[in-house]
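Quick mapping for you: the protein sequence lines, in order, are chains A and B. Residue numbers for the first sequence follow the numbering used here, beginning at 174 and rising by one. Residue numbers for the second sequence follow the numbering used here, beginning at 632 and rising by one.
Read the hints as simulated data drawn from the structure, not as lab findings. Treat the hints with care, as some may be off.
Claimed, not checked - In the BS3-like style, the derived pairs of lysine-lysine whose C-alpha atoms are separated by at most 25 angstroms in a straight line are:
{"no.": "1", "chain 1": "B", "residue 1": "LYS951", "chain 2": "A", "residue 2": "LYS202"}
{"no.": "2", "chain 1": "B", "residue 1": "LYS962", "chain 2": "B", "residue 2": "LYS951"}
{"no.": "3", "chain 1": "B", "residue 1": "LYS1049", "chain 2": "A", "residue 2": "LYS333"}
{"no.": "4", "chain 1": "A", "residue 1": "LYS235", "chain 2": "B", "residue 2": "LYS852"}
{"no.": "5", "chain 1": "B", "residue 1": "LYS852", "chain 2": "B", "residue 2": "LYS952"}
{"no.": "6", "chain 1": "B", "residue 1": "LYS1061", "chain 2": "A", "residue 2": "LYS329"}
{"no.": "7", "chain 1": "B", "residue 1": "LYS1023", "chain 2": "B", "residue 2": "LYS1150"}
{"no.": "8", "chain 1": "B", "residue 1": "LYS939", "chain 2": "B", "residue 2": "LYS852"}
{"no.": "9", "chain 1": "B", "residue 1": "LYS962", "chain 2": "B", "residue 2": "LYS939"}
{"no.": "10", "chain 1": "B", "residue 1": "LYS765", "chain 2": "B", "residue 2": "LYS730"}
{"no.": "11", "chain 1": "B", "residue 1": "LYS1049", "chain 2": "A", "residue 2": "LYS329"}
{"no.": "12", "chain 1": "A", "residue 1": "LYS329", "chain 2": "B", "residue 2": "LYS1172"}
{"no.": "13", "chain 1": "B", "residue 1": "LYS962", "chain 2": "A", "residue 2": "LYS235"}
{"no.": "14", "chain 1": "A", "residue 1": "LYS235", "chain 2": "B", "residue 2": "LYS1248"}
{"no.": "15", "chain 1": "A", "residue 1": "LYS235", "chain 2": "B", "residue 2": "LYS1186"}
{"no.": "16", "chain 1": "B", "residue 1": "LYS852", "chain 2": "B", "residue 2": "LYS1228"}
{"no.": "17", "chain 1": "B", "residue 1": "LYS799", "chain 2": "B", "residue 2": "LYS992"}
{"no.": "18", "chain 1": "B", "residue 1": "LYS765", "chain 2": "B", "residue 2": "LYS1150"}
{"no.": "19", "chain 1": "B", "residue 1": "LYS962", "chain 2": "A", "residue 2": "LYS333"}
{"no.": "20", "chain 1": "B", "residue 1": "LYS962", "chain 2": "B", "residue 2": "LYS1023"}
{"no.": "21", "chain 1": "B", "residue 1": "LYS765", "chain 2": "B", "residue 2": "LYS1172"}
{"no.": "22", "chain 1": "A", "residue 1": "LYS235", "chain 2": "B", "residue 2": "LYS1061"}
{"no.": "23", "chain 1": "A", "residue 1": "LYS202", "chain 2": "B", "residue 2": "LYS852"}
{"no.": "24", "chain 1": "B", "residue 1": "LYS852", "chain 2": "B", "residue 2": "LYS899"}
{"no.": "25", "chain 1": "B", "residue 1": "LYS852", "chain 2": "B", "residue 2": "LYS744"}
{"no.": "26", "chain 1": "B", "residue 1": "LYS1248", "chain 2": "B", "residue 2": "LYS1228"}
{"no.": "27", "chain 1": "B", "residue 1": "LYS939", "chain 2": "B", "residue 2": "LYS992"}
{"no.": "28", "chain 1": "B", "residue 1": "LYS996", "chain 2": "B", "residue 2": "LYS951"}
{"no.": "29", "chain 1": "A", "residue 1": "LYS202", "chain 2": "B", "residue 2": "LYS1248"}
{"no.": "30", "chain 1": "B", "residue 1": "LYS1228", "chain 2": "B", "residue 2": "LYS1186"}
{"no.": "31", "chain 1": "B", "residue 1": "LYS1023", "chain 2": "B", "residue 2": "LYS1049"}
{"no.": "32", "chain 1": "B", "residue 1": "LYS996", "chain 2": "B", "residue 2": "LYS730"}
{"no.": "33", "chain 1": "B", "residue 1": "LYS744", "chain 2": "A", "residue 2": "LYS202"}
{"no.": "34", "chain 1": "A", "residue 1": "LYS202", "chain 2": "B", "residue 2": "LYS1023"}
{"no.": "35", "chain 1": "B", "residue 1": "LYS765", "chain 2": "A", "residue 2": "LYS333"}
{"no.": "36", "chain 1": "B", "residue 1": "LYS765", "chain 2": "A", "residue 2": "LYS235"}
{"no.": "37", "chain 1": "A", "residue 1": "LYS202", "chain 2": "B", "residue 2": "LYS1116"}
To be verified - Chain B residues, not near chain A, derived (Cβ > 10 angstroms throughout):
{"no.": "38", "residue": "GLY884"}
{"no.": "39", "residue": "THR1073"}
{"no.": "40", "residue": "THR1234"}
Beta carbons: idealized from backbone N, C-alpha and C, even for Gly.
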Amino acid sequence: MNYFQLFGIEVSFDVDLNQLSQTYQTLQKSVHPDKFAHASSQEQLIAVQKSAELNDAYQTIKQPLARAEYILTLRGVELPNEQHTFGDTRFLMRQMELREMLEEVTHAEDVDAALAAAQQELAQEYQQHFSLLQAQICENTDAANMLACDNLRKLKFYQKLNIEVDRLEDSLFDD
Amino acid sequence: MALLQIAEPGLSTVPHEHRLAAGIDLGTTNSLIASVQSGEASTLVDQDGRDILPSIVSYQPNDILVGEGAKSLSVSDPQNTIVSAKRLIGRSLADIQSKYPSLPYQFTGDENKPEIVTRKGNINPVQVSAEILKSLSQRAEQALGGELTGVVVTVPAHFDDAQRQSTKDAAKLAGVNVLRLLNEPTAAAVAYGLDSGQEGVIAIYDLGGGTFDISVLRLNKGVFEVLSTGGDSALGGDDFDVVLADYLVEQAGLTRPLSPTLERQLIKQACYAKEQLTTLDNVEVTLTLSADESNEKNEQVWSTNISKETFDGLISALVKKTLRACRRSLKDANISVDEVLEVVMVGGSTRVPLVRSEVEKYFNKTPLTSIDPDKVVAIGAAIQADILAGNKPDSDILLLDVIPLSLGLETMGGLVEKVIHRNTTIPVAKAQEFTTFKDGQTAMAVHVLQGERELVDDCRSLARFELRGIPAMTAGAAHIRVTFKVDADGLLSVSAMEKSSGVEASIEVKPSFGIDDSKIAQMLKDSMNNAKADIDARMLKEQQVEAARVIESVKAAIALDHHLLDAEETSTIEQVINSLAEISQGDDADAIEAAIKKLDQATDVFAERRMDSSINKALSGQSVDKL
Chain A
174 MNYFQLFGIE VSFDVDLNQL SQTYQTLQKS VHPDKFAHAS SQEQLIAVQK SAELNDAYQT
234 IKQPLARAEY ILTLRGVELP NEQHTFGDTR FLMRQMELRE MLEEVTHAED VDAALAAAQQ
294 ELAQEYQQHF SLLQAQICEN TDAANMLACD NLRKLKFYQK LNIEVDRLED SLFDD
Chain B
632 MALLQIAEPG LSTVPHEHRL AAGIDLGTTN SLIASVQSGE ASTLVDQDGR DILPSIVSYQ
692 PNDILVGEGA KSLSVSDPQN TIVSAKRLIG RSLADIQSKY PSLPYQFTGD ENKPEIVTRK
752 GNINPVQVSA EILKSLSQRA EQALGGELTG VVVTVPAHFD DAQRQSTKDA AKLAGVNVLR
812 LLNEPTAAAV AYGLDSGQEG VIAIYDLGGG TFDISVLRLN KGVFEVLSTG GDSALGGDDF
872 DVVLADYLVE QAGLTRPLSP TLERQLIKQA CYAKEQLTTL DNVEVTLTLS ADESNEKNEQ
932 VWSTNISKET FDGLISALVK KTLRACRRSL KDANISVDEV LEVVMVGGST RVPLVRSEVE
992 KYFNKTPLTS IDPDKVVAIG AAIQADILAG NKPDSDILLL DVIPLSLGLE TMGGLVEKVI
1052 HRNTTIPVAK AQEFTTFKDG QTAMAVHVLQ GERELVDDCR SLARFELRGI PAMTAGAAHI
1112 RVTFKVDADG LLSVSAMEKS SGVEASIEVK PSFGIDDSKI AQMLKDSMNN AKADIDARML
1172 KEQQVEAARV IESVKAAIAL DHHLLDAEET STIEQVINSL AEISQGDDAD AIEAAIKKLD
1232 QATDVFAERR MDSSINKALS GQSVDKL
């Protein structure tokens, strides 16, 4: 049973997150270890496993990038691992520029404004790649799936940059 | 190791059998116990009518005093009177000494298992907590008139794995059966949510004596979903006392180190001043400077006046620190300040006026104090204990909690690779693959860490173990799969396996802090003061009770879901049940244990099918709802 089937929904990139959350809570009410606190240790063990599986399924479908990756895996698309070299030099150059931009935020005259501008720029580029990914996954041809893989990797670069932004924000506020 | 209650065979399926259960708020400064009686949760009082038990244990020559009796000895006998043991539990010696440099205790023992030297021998903080738990559970058994089936013990949401494990060990040592470790803010949310019937996003601001937690939850149709939690397991009202005591030291022109008695006096006076300043604008503080430790007869009395402004100035940095944690938690939850419907204040330290006004300013709404901030955690724990004990089979309540701190492994270069991120809903199981660094490498050191920082040195080391017997291969060819599992108590277990060659080697680990299982067993035996025969009799009785419980639960399952088994499967299980029933009449505890395991194995597939069938039932119920 795949994660989508677990929630009784079709494998699709478009997910009704509200409905997903309702189903998730209903299912947890029937398998959560708290419901088996007085049962045998064996039933408790199974409850922990099922509940953990459900949590993993929920997180995977809820988060768009994890969902995309999961759908591609279900389609049998081999995802390149992280150490694999990445050929798109223009994209990599752009990533270096963005990193430099973040470093400069701390030296800006108006730090808050610089940070907000940087966040906006990142969000915009993320959205561009994300829209592409969405279309490619919907198309579901071999070629489109390969392109989706590529885009997914790029989006993960942005995800990492966003973690940097969070860290930067924390350090700026921790005075 | 409290025994479970059990009725006569054949009568045990009485529908409304009420099992005695309680919730314990094991606090840094004060502890409470509460229970649900006739549908109403309330705190239980001692023979003097008090519900608050000061979390203080005093080791006297002929007696171990807990609570008020111990409190009166905290100044006159500081070295044998342990205050705020919760701040020490599950911590290394170096950690304790850097965080609390002026404690009056003398420490000894292992770096990872520090003990306090008292006249009754060396005492581990786990033992101190166990005394408090024992005292509370005795109070409950007297008040409720019977043995407790189990308790829910609350812990700060921000407690790390070692601190949680140590708390559970303390309960084991006290002979108390723990149904669940529950995060304090989640317990408070249950009490508040059921009381108000509110739905939507709420924040719980919990500032206790020694710990601070902030949790953001979404309440929806009986589900309490924790979206994020944050805080500081070493920040609380006690720290307000410490900064005020430091100020007094400076004002009185004293130089440290001071005598333990004077240190305790300083803290006591600082605490008094803090409490007075919740209603007054000024307070007079008096210290007796040359008390009992010297031979000088002329006691020197020193006094000063402290204004509310001075106090606010001293603690404002600490209060700001709590607000930074609030900001981070809201961000983790992806919730804006405006989306928070209510901020519930929990913990005695939220009485400090500056705390209230700063929280109000940050959340832009008046914080709620409608439920007594001292009792709300114990009340919530009691409600959950009642459910977990099985007294409310139709309850719609479900708590979905998270882990407070990320869990990871050490990789090359002293870096931490996170396997489970903070604020992941529990229970959770995650696996990650690693490989060898050198050609022919046959062993791998696995170092488990907890924390948010990137460097190993900045994270909390939980455990180390070695995976041996990896077949020699070229570097990078081995696939070592490390699995992290966190259960519903928030407790971690880790296993590792080499899978590319088909050779399996795995190991389960427990954090290296606190007390070993074998030592706990020994302590339990010592505390029982019984002959070996008595202990054996107890073990036998426990196994018999467990056997009866398992048989009953399997029979009930078959009665309910026999359609999931074919005739042959049913008869196999019945045979195993009969054999267990027969063995459990005998007096071989080990044989009974083995027979229970056999029944567990025989019903494995059946239990899985039942779980799947209940998932399907829940799903189809859901789609009917949709129509």
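Verification of the hints:
1. LYS951(B) <-> LYS202(A): violated, 38 angstroms
2. LYS962(B) <-> LYS951(B): holds, 17 angstroms
3. LYS1049(B) <-> LYS333(A): holds, 14 angstroms
4. LYS235(A) <-> LYS852(B): The given pair, whose Cα atoms are some 20 angstroms apart, holds under the 25 angstroms limit.
5. LYS852(B) <-> LYS952(B): violated, 34 angstroms
6. LYS1061(B) <-> LYS329(A): holds, 20 angstroms
7. LYS1023(B) <-> LYS1150(B): violated, 37 angstroms
8. LYS939(B) <-> LYS852(B): The given pair, whose Cα atoms are some 44 angstroms apart, is violated under the 25 angstroms limit.
9. LYS962(B) <-> LYS939(B): Between LYS962(B) and LYS939(B) the Cα gap is close to 33 angstroms, so the pair fails against 25 angstroms, i.e. violated.
10. LYS765(B) <-> LYS730(B): Between LYS765(B) and LYS730(B) the Cα gap is close to 28 angstroms, so the pair fails against 25 angstroms, i.e. violated.
11. LYS1049(B) <-> LYS329(A): holds, 16 angstroms
12. LYS329(A) <-> LYS1172(B): violated, 57 angstroms
13. LYS962(B) <-> LYS235(A): It holds: about 17 angstroms lies between the C-alpha atoms, which stays within 25 angstroms.
14. LYS235(A) <-> LYS1248(B): Holds. LYS235(A) to LYS1248(B) sits at ~23 angstroms (cutoff 25 angstroms).
15. LYS235(A) <-> LYS1186(B): violated, 39 angstroms
16. LYS852(B) <-> LYS1228(B): Not satisfied, since the Cα-Cα distance of roughly 38 angstroms exceeds 25 angstroms.
17. LYS799(B) <-> LYS992(B): Status violated; Cα separation ~38 angstroms.
18. LYS765(B) <-> LYS1150(B): The given pair, whose Cα atoms are some 18 angstroms apart, holds under the 25 angstroms limit.
19. LYS962(B) <-> LYS333(A): Within the cut-off at roughly 17 angstroms; holds.
20. LYS962(B) <-> LYS1023(B): Violated - the C-alpha atoms of LYS1023(B) and LYS962(B) are around 36 angstroms apart, more than 25 angstroms.
21. LYS765(B) <-> LYS1172(B): holds, 22 angstroms
22. LYS235(A) <-> LYS1061(B): At roughly 17 angstroms apart (the allowed maximum being 25 angstroms), LYS1061(B) and LYS235(A) satisfy the hint.
23. LYS202(A) <-> LYS852(B): holds, 11 angstroms
24. LYS852(B) <-> LYS899(B): Given pair LYS852(B), LYS899(B) is violated - Cα atoms ~45 angstroms apart, limit 25 angstroms.
25. LYS852(B) <-> LYS744(B): Answer violated: LYS852(B) to LYS744(B) is near 44 angstroms, above 25 angstroms.
26. LYS1248(B) <-> LYS1228(B): violated, 29 angstroms
27. LYS939(B) <-> LYS992(B): Satisfied, since the Cα-Cα distance of roughly 19 angstroms is no more than 25 angstroms.
28. LYS996(B) <-> LYS951(B): Distance ~17 angstroms between LYS996(B) and LYS951(B) Cα, so the pair holds.
29. LYS202(A) <-> LYS1248(B): holds, 12 angstroms
30. LYS1228(B) <-> LYS1186(B): holds, 16 angstroms
31. LYS1023(B) <-> LYS1049(B): Violated - the C-alpha atoms of LYS1049(B) and LYS1023(B) are around 39 angstroms apart, more than 25 angstroms.
32. LYS996(B) <-> LYS730(B): violated, 34 angstroms
33. LYS744(B) <-> LYS202(A): With Cα atoms ~39 angstroms apart, LYS744(B) and LYS202(A) exceed 25 angstroms; violated.
34. LYS202(A) <-> LYS1023(B): Judged against 25 angstroms, a Cα distance of about 14 angstroms means the pair holds.
35. LYS765(B) <-> LYS333(A): Roughly 49 angstroms separates the two Cα atoms, so the pair is violated.
36. LYS765(B) <-> LYS235(A): Violated, because 44 angstroms separates the two Cα atoms, which is more than 25 angstroms.
37. LYS202(A) <-> LYS1116(B): This hinted pair holds, its Cα atoms lying about 21 angstroms apart.
38. GLY884: The claim stands: GLY884(B) keeps its Cβ more than 10 angstroms from every Cβ of chain A (closest is about 32 angstroms).
39. THR1073: THR1073(B) is indeed farther than 10 angstroms from all Cβ atoms of chain A, at 24 angstroms.
40. THR1234: violated, 7 angstroms
Checked against the numbered hints listed earlier, the structure breaks hints 1, 5, 7, 8, 9, 10, 12, 15, 16, 17, 20, 24, 25, 26, 31, 32, 33, 35, 36 and 40; every other hint is satisfied.
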